[in-house]
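Protein chains: 2
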Amino acid sequence: MRSVVLSLGIFVVGVSSLFPLACCHAEDPQPKGFPFKLPKEKPDRELSAAMERNYSAYLAPRPEDNELYSLFKYTPLKGFDYNNHDGTISRRDPSKVIFANGKYYVWYTHRHTPTSPKGAKNCTDTIPSSDWDLADIWYATSEDGFAWTEQGVAVPRPPKPQVGWRSVTTTDILLWKGKYYLYYQGFMEASGTRGDDCPVAVSYADSPDGPWTPHHKIVIPNGAPGEWDQYSIHDPYPLVYKGKIYLYYKSDFDGDPRLVRMQGLAIADHPLGPFKKHLLNPVVNSGHETTLFPFKGGIAALVHGDGNEHNTVQFAEDGVNFEIASIVSLMPIAAGPFIPDAFTNTQDGRGITWGLSHFTNYTNWSQNHAILMRFDCDLSLDLNDPEMKRHRPYVRPDQYFKQGLNGKQRQRINEANRALRK
Amino acid sequence: MRSVVLSLGIFVVGVSSLFPLACCHAEDPQPKGFPFKLPKEKPDRELSAAMERNYSAYLAPRPEDNELYSLFKYTPLKGFDYNNHDGTISRRDPSKVIFANGKYYVWYTHRHTPTSPKGAKNCTDTIPSSDWDLADIWYATSEDGFAWTEQGVAVPRPPKPQVGWRSVTTTDILLWKGKYYLYYQGFMEASGTRGDDCPVAVSYADSPDGPWTPHHKIVIPNGAPGEWDQYSIHDPYPLVYKGKIYLYYKSDFDGDPRLVRMQGLAIADHPLGPFKKHLLNPVVNSGHETTLFPFKGGIAALVHGDGNEHNTVQFAEDGVNFEIASIVSLMPIAAGPFIPDAFTNTQDGRGITWGLSHFTNYTNWSQNHAILMRFDCDLSLDLNDPEMKRHRPYVRPDQYFKQGLNGKQRQRINEANRALRK
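Heads up: the protein sequence lines correspond to chains G and U, in order.
The first sequence runs 19 to 440 under the numbering used here.
The second sequence runs 19 to 440 under the numbering used here.
Isolated chain G, as found in the complex (with noise of 0.2 Å):
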């Protein structure tokens, strides 16, 4: 029966070849160019691949119209003491945001040693190999998401040997069944010991406030050896799809020096597992960081930082097979949406107008760490913010030239000039 209907489409295409197209009739005999007005519609003429494109693979043929195309606003924040950035104290990786009890909560890596990161060769019990080493889970609350009150620590590193006991961090909230859970990467050595090791823990309270149980179990082991994420499971990132707990993360893959970033996706019923991985993994190809939402019914994702498609808005019909939705400049760094819709098991995800980012190495190496700021945008259906929809940002001549040659390429550079006008 199905190779019937397949005949009858191949006779279909057969008979239309026979016939001219619209745009070429008999009396006209030079077909006519484009039209003059973009078509909202793919045109009944033939066209090139980069047009074909343009009305098949983005949700308009106008970035502007397109929902999953946006700018980023960046605004610092305030609340946040950071020790005259001395490098002693950081907040890095902050979670979702979500709205609770009449305010805004967002967790974090929060890190407070009596140095800066000094390296896996030089750290102690007490001075940080890494940026997010010896860190706990904090949270803070905001009225406006501009202005934030710290409230301390939500889960500290339980002790040795328990997971987690070295550093606790890059967490992410997930509602389920009126219950709140955090996970994050449960390190037990230094980050850069071998690479940046560790596998997913989990901690769990009745309110966002606490207090938080620590669950003390690996809720997402590393891959057997040989699989791509045999080291680490970073920044797992709960939604509700479903029906189920569609948890993403990232892993880093391949070895030093050219590790590979992608993100994978393991599926519960609960959200103390068991989490099974899915066998299509990774189910993105690039991106630094996990930041996804529900969009209408299917999953969207913020893929920035590394990979053949970084710097683009993805979408998944399925949740788990992503499409370039639309390229986008100066992304946030680890992005927690706010998500309205991330836990109601929505078939109609509404999409995302703002966030908290980091930004790493905020001054020099030797004062290194990281900060939060907020972002905005608008990859949102009920939102049309035509500010948010310009089609690149403005970024000054001095940022340019702040990417400059070195020292090496300058000499290539004269080298090979030499040797053309010889």
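Please note that a few of the clues may not be correct.
Pairs involving identical chains hold if they fit within one copy or between any two copies, as the list cannot separate such chains.
EDC-like, lysine to aspartate or glutamate: derived pairs with alpha carbons at most 16 Å apart [stated by the list, open to error]:
id, residue 1, residue 2
1, K55, D270
2, K420, D274
3, K139, D359
4, K314, D359
5, K295, E64
6, K262, D99
7, K178, E207
8, K178, D143
9, K136, D104
10, K260, D143
11, K55, D224
12, K55, D274
13, K50, E245
14, K96, E161
15, K195, D287
16, K420, E405
17, K314, E341
18, K136, E82
19, K58, D272
20, K407, E82
21, K58, D143
22, K50, E207
23, K60, D359
24, K50, E64
25, K440, D83
26, K440, D162
I should point out that these hints are in silico values taken from the structure, not numbers from a laboratory.
Chain G is already provided as a structure; the job is to place chain U on it using the hints.
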């Protein structure tokens, strides 16, 4: 017959699903995860859409191995005076750079007027409307590509009513059978009077130092009424490909305030025409300027600024059907690369490593003018510069904070916060 083949295809698909994949033998009931070492070729296993694309859509599964991926580095040029950047002197839209007579040559739009641009309503015979109004084509030479010596005018705007009497701008160079050809936009009214309307004119010379003989005819006319390029042919950009002159151009269409910018192709057997516009135009669906170069057996394009596929390098095996080859950041604006094989009719294009670009509105609108700058990159098969292949440029946090919210946006956000707290 074809339906038989397709039926067979369905049979094959059906059969293959009865048998396990290569990765999953009977003694290995749980299929192994994706390998830790990123395979160089597409592995023989079921892949997510993103992983499938990572192997099929790019020249390499990692951007650092992709010959069409690069960072861009910028260097100020020596040798150009801008009258203290008061807006009376502007240089913009550099041509390709060529090497001849032992030095590099570049041509560009040069404006020297009593005031900065004052808009179409306030312009006169001497006061410019836009930055490219009342301009001529000038040129400069350099031994190293960093320090330039301005040589003065190459093609002045001709007397009224000849093509380009109001302004000649945005030129590019062709070498064909020992003669040089400069193509340029020929304005016959001040830009902004209706839009940015102009066709393309051409001058020719036996030497890059001139003298240049104007052809005094429109060589690439605007499209017929109702066609996408009915008002303007911008950025004429000739290459020699398949034994012919492949001239790419941009047009603005759909009218203000939502101009669409795409790129077309016109092909000729002789530099003075006739040029035949390609039936599949537009062939590039994005970009604000034309920058292309021979690459392997096809043509590569830098696509900057506007459209769904801004911030990409693209590649067309046939010079017509462009696909995204990489996603890049901080692209050169209006780039004119040095392309050693631009005119050699190569079937093995080697790519580019540097060129000139511009920065418009260098200071502020009241002193509006553009400057030329140099960019370097590694989009060359003959260079391997790991510094150029890093995944992202380092952009300081102040540049993020310069992308700030405006008052209207803050108000909108405050209202949303209040509504949520109610």
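Consistency of the hints with the structure:
1. K55 x D270: between (47 Å within a copy, 11 Å between copies)
2. K420 x D274: The answer is neither: 27 Å in one copy and 35 Å across copies each exceed 16 Å.
3. K139 x D359: neither (44 Å within a copy, 50 Å between copies)
4. K314 x D359: within (11 Å within a copy, 48 Å between copies)
5. K295 x E64: between (43 Å within a copy, 14 Å between copies)
6. K262 x D99: Neither: 38 Å inside a copy, 65 Å across copies.
7. K178 x E207: within (10 Å within a copy, 78 Å between copies)
8. K178 x D143: within (12 Å within a copy, 81 Å between copies)
9. K136 x D104: within (13 Å within a copy, 49 Å between copies)
10. K260 x D143: Neither. Shortest intra-copy (44 Å) and inter-copy (67 Å) distances fail the 16 Å Cα cut-off.
11. K55 x D224: neither (56 Å within a copy, 42 Å between copies)
12. K55 x D274: between (51 Å within a copy, 11 Å between copies)
13. K50 x E245: between (55 Å within a copy, 7 Å between copies)
14. K96 x E161: within (12 Å within a copy, 52 Å between copies)
15. K195 x D287: Within one copy only: 12 Å inside a chain, 72 Å across chains, cut-off 16 Å.
16. K420 x E405: between (27 Å within a copy, 14 Å between copies)
17. K314 x E341: within (15 Å within a copy, 28 Å between copies)
18. K136 x E82: For K136 and E82, neither the intra-copy (45 Å) nor the inter-copy (29 Å) Cα distance is at most 16 Å.
19. K58 x D272: The answer is between: 11 Å across copies meets 16 Å, while 44 Å in one copy does not.
20. K407 x E82: This pair counts as within: shortest intra-copy Cα distance 5 Å, inter-copy 30 Å.
21. K58 x D143: Classified as neither: same-chain Cα gap 62 Å, cross-chain 41 Å, threshold 16 Å.
22. K50 x E207: Neither, since 68 Å and 27 Å both go past 16 Å.
23. K60 x D359: Classified as neither; 32 Å inside a copy, 37 Å across copies.
24. K50 x E64: within (11 Å within a copy, 44 Å between copies)
25. K440 x D83: neither (54 Å within a copy, 31 Å between copies)
26. K440 x D162: between (66 Å within a copy, 13 Å between copies)
Checked against the numbered hints above, the structure violates hints 2, 3, 6, 10, 11, 18, 21, 22, 23, 25; every other hint is satisfied.
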